[in-house]
Amino acid sequence: MMTLINVARDVVSELFARKVLLALLIIISLGLLVFTFALDLEVVEGALAAGKLFGQKLQGDIVAVDVVLRPVFGAMTSAVFFLGILFGIVATSDIAPKLLSSGRVELLLSLPIPRLSLVLGTYIGVILVAAFSMVFTIIGASLILFVKAGFFTWAPFIGALSAIVGFASVYALMMFVACVFRSAALSAAAGIFLFCFSLLADDRNEIPSWFRAEWIRSLVEVIITPLPRLLSISQLGPSSFTNDALLQGALPLWGSALFFAATFVGLAAFVVSRKDY
Amino acid sequence: MNCAIEAKGLHKDYGNVEALRGIDLKVPKGSCFGLIGENGAGKTTLIKLMLGIAFPSGGSITLLGDIPSSTEVRRRIGYLPERLTLSPAKSPFSLLKSVARLKGVKLTTNEIQDALQRVGLQREAWKRSVGKFSKGMKQRTGLAVALIGSPELLILDEPTDGIDPMGRAQIRQVIAEENKRGATIFLNSHLLAETERICDHIAILSKGRVVKTGNISSLQKTDIYEIRFVDPPPPEVLSKFELTPSGHQGFYNLHVQSPQALTALLGRVFEEGLHICELRHAKNDLESLLIAAVTKEAPL
Chain A
132 MMTLINVARD VVSELFARKV LLALLIIISL GLLVFTFALD LEVVEGALAA
182 GKLFGQKLQG DIVAVDVVLR PVFGAMTSAV FFLGILFGIV ATSDIAPKLL
232 SSGRVELLLS LPIPRLSLVL GTYIGVILVA AFSMVFTIIG ASLILFVKAG
282 FFTWAPFIGA LSAIVGFASV YALMMFVACV FRSAALSAAA GIFLFCFSLL
332 ADDRNEIPSW FRAEWIRSLV EVIITPLPRL LSISQLGPSS FTNDALLQGA
382 LPLWGSALFF AATFVGLAAF VVSRKDY
Chain B
933 MNCAIEAKGL HKDYGNVEAL RGIDLKVPKG SCFGLIGENG AGKTTLIKLM
983 LGIAFPSGGS ITLLGDIPSS TEVRRRIGYL PERLTLSPAK SPFSLLKSVA
1033 RLKGVKLTTN EIQDALQRVG LQREAWKRSV GKFSKGMKQR TGLAVALIGS
1083 PELLILDEPT DGIDPMGRAQ IRQVIAEENK RGATIFLNSH LLAETERICD
1133 HIAILSKGRV VKTGNISSLQ KTDIYEIRFV DPPPPEVLSK FELTPSGHQG
1183 FYNLHVQSPQ ALTALLGRVF EEGLHICELR HAKNDLESLL IAAVTKEAPL
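Those protein sequences? They're chains A and B, same order as listed. One gets the working numbering by counting positions in the first sequence from 1 and adding 131 to each. One gets the working numbering by counting positions in the second sequence from 1 and adding 932 to each.
Just so you know, these hints were derived from the structure itself, not from any lab. Please note: incorrect hints may appear among the correct ones.
DEER-style ranges, computed between Cβ atoms [said to hold, decoys possible]:
#1 Val278/A <-> Ser1001/B: 53 to 61 Å
#2 Lys150/A <-> Gly962/B: 44 to 52 Å
#3 Thr1041/B <-> Ala206/A: 25 to 33 Å
#4 Ala320/A <-> Asp998/B: 37 to 45 Å
#5 Gln1049/B <-> Leu382/A: 50 to 58 Å
#6 Leu382/A <-> Gly1036/B: 49 to 57 Å
A short, non-exhaustive set of chain B residues, derived as facing chain A with CB atoms under 10 Å [to be verified]:
#7 Pro960
#8 Arg1015
#9 Ile1087
Yeah, the Cβ is synthetic: ideal placement off N, Cα and C, and Gly gets one too.
Sequences and hints are given; from them, build the entire structure.
Given below as C-alpha cells:
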C-alpha cells in the first residue's frame, strides 16, 4: 500500500515539477477571477432583485436566488466536466508513456515496486491531480456565489464528482493504450476518441440505427454498450439542482463508468506485468 | 562459492532471435565483476533479466539468493541503466528524494548533498532541472541514484559514458570505495581499459553465450616474457632462442613454461654476451582476450 501511495505521490510531484499543476491552478484562478467580476448580483431577502453575468441580465422579475442561479451552476458544472476532461487528456497524455519510456522504465522496475503498483500508482496520481483541479474550481466558484448571493448548494459537487468519474474512465483507456504502445500521441488520441464517441453514443440506439446490416448493428451495440455514458454523466451536475430523482440514476452511470475504468486499468496492469522492457 | 548473482542455463528469445543461449554465470559476493562482449552479444539483455526488467525464456537467475522480482532483493540493489532517462523537470535533489522514498530509504538533506557531492555534481546544479543537464551530469545523477541506500549489489551499465577523463577517475574511485565497503559491483562497459582497471573478475559474452569467465589476473596470465636488449641481437641469436618481435617497440617475446626455465634460458642468453635492459611478464590485455574469445583464436 505504501508503495502505491509513493508511486502516486511521485506522479503528482512530477506533474508539479512540470508545472502542469501550476498551469491548471493559474487557468482556473483566472477563470474564477473573470467570473467574480463578470457576475453582478443584488440580493434582497433571499431573492434576486437584479443580476448580470457578462453584462447580460439573468432575470426579468424578482425571483428566488436559487432559481436564478440554476443556469449559472449548470454552466459551471458543464464547463468543469467538458473543459476539465479535455484539458486533462492533453495535460496527462504523456505521463504514462514517459514513465514507461526506455531508460526510465528500467530504473523504475529495478526499484522495489511491483509492476501492478507502478500502473495503479500512476493512474491514481493522475486522477488525484485531475480531481484536485476540478474540486478546486467548484469550491472557488461556489464560494464566489456564496459571498455574492449568500446561496450555497452541494449540487456543483455532484458535477465535480461526475467530471472526476468521467475523466477516470477516459484516462483508464489512455493508460491502457500508453502501456501497450508507449506513445503519448496514441494515448491522447484514444482519450479524445473515447470522449467524443461516448458523447455521440450516449443514446445506445442512435449509432446502431445508422447501419442496415443486422450483424453490423449487433457488433456496434457490443462495442457501444460497455462505453461510459459521458453525456448522461455530464448532465448529472446541472440536473441535480432541479430534480433529486435524477440523482438516483447517478449510481448506475458512475458505476458503469468506473467498471469501464477498472477493466482498462486491469488490462494495462496485465500488459505491463507480462511485458519485457 | 557465495554468489551475488547466479545464472543457470539462462535463455532469452525475442521471437525468432535468440538473445541469450544458455548462460551459466556466477558472480562472487564482494567481487568487482566486468561483463564484456561485442555489440549484440546479449549484455544488456542479461542485465535486464537480472533485474526482472525482462523475463527469461528458460533457465533461472538469482540475485543475493532470491529471484529478481522480489521487492526485498531490489531494495538491496542499485542500478544505473545504459540509456538513462531521468524526469527532465525534476532537480537531482528531488530525484534522489523521490527514489529514496520509492526504495523505502530515509535520506536527510545532508545525506542527499553528500551523495551528489560524491559523484562530482557541482553544487549549483543540485536544484536545476535535469532536463538542462549534459550527458555526463545526467550520468553522475544516475550514479547518485544507484547509490541510494548503500546497496549490496551495484549493477552499472556504462557508468562513465559521456563523462570527461577527470570525471571518469572520480567515478572509478566511487566504484572502488563501494567495492571496498563490501558491495558487489557488476559492470558492463565498452571501455575495456576501464574494466581492466576496476574489475577483478570478468565474463566475456559472445552471441548469447559466456565464452570465458574467471579471475581477471589468471585469464590475463601467459607463459610469455617480453625482453629488451641493450643492442639489437643478430638474427641467428633470435632464431636460436626462438625470439619473436613483440607488439611493443624493441621487445621480443620469450616463451617459457616456468620461472626455472626462464632462469636457465637467461643464463644461456648471457653466455652469448647479450645485455638485457628490460624483462617483463607479458599478459593478455582485455582487448586481445575479447578478440580471441570471440573469434576463437589463441590470444597473443
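Item to complete: Please flag the earlier hints that this structure goes against, numbers listed from lowest up.
Response: As far as the earlier hints go, 3, 6, 7 are violated by this structure, in ascending order.
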